[in-house]
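S.K.: Read off the chains here:
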Amino acid sequence: MLISKVVGTTVSTIKDEQLTGRKLLILRQIDESGEVFGKPYVAVDTLDAGAGDLVLTAHGSGGRQTAITKNSPVDAVIMAVIDHLNIEGRTIRR
Amino acid sequence: MLISKVVGTTVSTIKDEQLTGRKLLILRQIDESGEVFGKPYVAVDTLDAGAGDLVLTAHGSGGRQTAITKNSPVDAVIMAVIDHLNIEGRTIRR
Amino acid sequence: MLISKVVGTTVSTIKDEQLTGRKLLILRQIDESGEVFGKPYVAVDTLDAGAGDLVLTAHGSGGRQTAITKNSPVDAVIMAVIDHLNIEGRTIRR
Amino acid sequence: MLISKVVGTTVSTIKDEQLTGRKLLILRQIDESGEVFGKPYVAVDTLDAGAGDLVLTAHGSGGRQTAITKNSPVDAVIMAVIDHLNIEGRTIRR
Amino acid sequence: MLISKVVGTTVSTIKDEQLTGRKLLILRQIDESGEVFGKPYVAVDTLDAGAGDLVLTAHGSGGRQTAITKNSPVDAVIMAVIDHLNIEGRTIRR
Chain D
726 MLISKVVGTT VSTIKDEQLT GRKLLILRQI DESGEVFGKP YVAVDTLDAG AGDLVLTAHG
786 SGGRQTAITK NSPVDAVIMA VIDHLNIEGR TIRR
Chain W
726 MLISKVVGTT VSTIKDEQLT GRKLLILRQI DESGEVFGKP YVAVDTLDAG AGDLVLTAHG
786 SGGRQTAITK NSPVDAVIMA VIDHLNIEGR TIRR
Chain U
726 MLISKVVGTT VSTIKDEQLT GRKLLILRQI DESGEVFGKP YVAVDTLDAG AGDLVLTAHG
786 SGGRQTAITK NSPVDAVIMA VIDHLNIEGR TIRR
Chain V
726 MLISKVVGTT VSTIKDEQLT GRKLLILRQI DESGEVFGKP YVAVDTLDAG AGDLVLTAHG
786 SGGRQTAITK NSPVDAVIMA VIDHLNIEGR TIRR
Chain S
726 MLISKVVGTT VSTIKDEQLT GRKLLILRQI DESGEVFGKP YVAVDTLDAG AGDLVLTAHG
786 SGGRQTAITK NSPVDAVIMA VIDHLNIEGR TIRR
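Top line first, the protein sequences correspond to chains D, W, U, V and S. Residue numbering for the first sequence follows the working numbering, starting at 726 and increasing by one per position. Residue numbering for the second sequence follows the working numbering, starting at 726 and increasing by one per position. Residue numbering for the third sequence follows the working numbering, starting at 726 and increasing by one per position. Residue numbering for the fourth sequence follows the working numbering, starting at 726 and increasing by one per position. Residue numbering for the fifth sequence follows the working numbering, starting at 726 and increasing by one per position.
Simulated from the structure, these hints should not be mistaken for laboratory data. Treat the hints with care, as some may be off.
One copy or two, it doesn't matter: identical chains are merged, so the pair holds either way.
With a Cα cut of at most 20 Å, we get these calculated SDA-like pairs of lysine to any residue [what the hints assert, rightly or not]:
id: 1; residue 1: LYS795; residue 2: ARG815
id: 2; residue 1: LYS764; residue 2: GLY814
id: 3; residue 1: LYS764; residue 2: VAL732
id: 4; residue 1: LYS795; residue 2: ASP773
id: 5; residue 1: LYS764; residue 2: THR734
id: 6; residue 1: LYS748; residue 2: VAL806
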């Protein structure tokens, strides 16, 4: 799983019908200091995450192992909202 | 999912028979400013996307969770055409 | 799918028995100008591609959605030979 | 599989219900000298690994081939704790 | 598939029970000149490969399409030992 921060939202009218009503958030990974890095990517939100939240995303077929994403053409899902991380002795919160 | 722009098309006479009639578009990712970056890749278009459109692509087995791509030797599909994105306070349109 | 050029061949006597008779070609990706870049990788050829051909390769489980690669320990297949590409207004042929 | 070191832990109250009771550890890869590199990622721990341990992680659907991770929205699992590695004539231990 | 050289071995006492008796080798990719590059990774060996051998590795679910790796928490397998490669007019042997 990747450790990422919610940085945005997407709006799409034309999409695969299995995505109707799905919330697709934009994320960027964070590093061991809690700083965002890398390019934005998109994951389905099933946990009502919000802007600035730190989350974990599962990728590939792992992104479809939830009731909401099953059999949909998606490859990433937010499967946990992070309270805090302990990395190399440092505590990171949103 | 990756956030990408449609930048081209492919023409192939010799291909796996399951790809007959499929529209294969060339894409490049966009960054948090809406600028394209990275190398071109190819995805199946099931939504009639056109040149310059911003789209989301699902990869891996997720690329085969549509009626059109099911059981085909493909690994990426356009599953949403983007109206607009909100990234870090900025709005991005095609 | 990746856009690549056929740059070589592999010869292996010791291999998984499901690979007997399979043609494994070496490829390198091409960029938006048609120039090869990146490190070589290997895909199963089911379309009789030859040296210098531009092809599309499907990866992961997508590489096993052909009659020839089904259930084999492979992760990439050539599923189209490219006639030409149109990328950002430029036409690219082999 | 990737060769990594356990560098941290995650705490999440809001998560997919299939993750209840799962231990999610933060890892970073090590190189051929045993030095950590790259950005942190998260894997499910099924082997009671601890901080500083060297481990192997399996990714993608491979991360769900254990009794604990089966059918869960995860994409990485610790499937071995390393006693030692022999890389290019050098022995590496935790 | 990736083109790699066997550069080491792993020893693990604590591991998923499906890995008992499995030989896990350390590999590094080679480039178009036959030089190793990149960080080490681990694959299951089903072909009795040895140190210095050039091999092909299949990744993801492709790594579990052998009798030995089926249903195991692994994501890479050595599925061919290379006799020689022909890349861009050059012959590469171990």
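S.K.: If a hint holds in the structure, say so; if it doesn't, say that too.
M.R.: Against the structure, the hints:
Proximity of LYS795 and ARG815 under a CA criterion of 20 Å is satisfied in neither setting, with 36 Å inside one chain copy and 31 Å between copies. In this assembly of identical chains, LYS764 and GLY814 lie within 20 Å of each other by CA distance solely across copies; the values are 16 Å between and 27 Å within a copy. For the homomeric pair LYS764 and VAL732, the shortest alpha-carbon distances inside one copy (11 Å) and between copies (19 Å) are both at most 20 Å. With identical chains, the CA atoms of LYS795 and ASP773 are at most 20 Å apart within one copy only, with a shortest distance of 18 Å there and 24 Å across copies.
When the C-alpha separation of LYS764 and THR734 is checked against a cutoff of 20 Å, the pair qualifies only within one copy, where the shortest distance is 14 Å, while the shortest distance between copies is 24 Å. Within a single copy, LYS748 and VAL806 get their C-alpha atoms as close as 15 Å, and across copies as close as 14 Å, so both meet the 20 Å cut-off.
In the structure shown, a violation is registered for the earlier hint numbered 1 alone.
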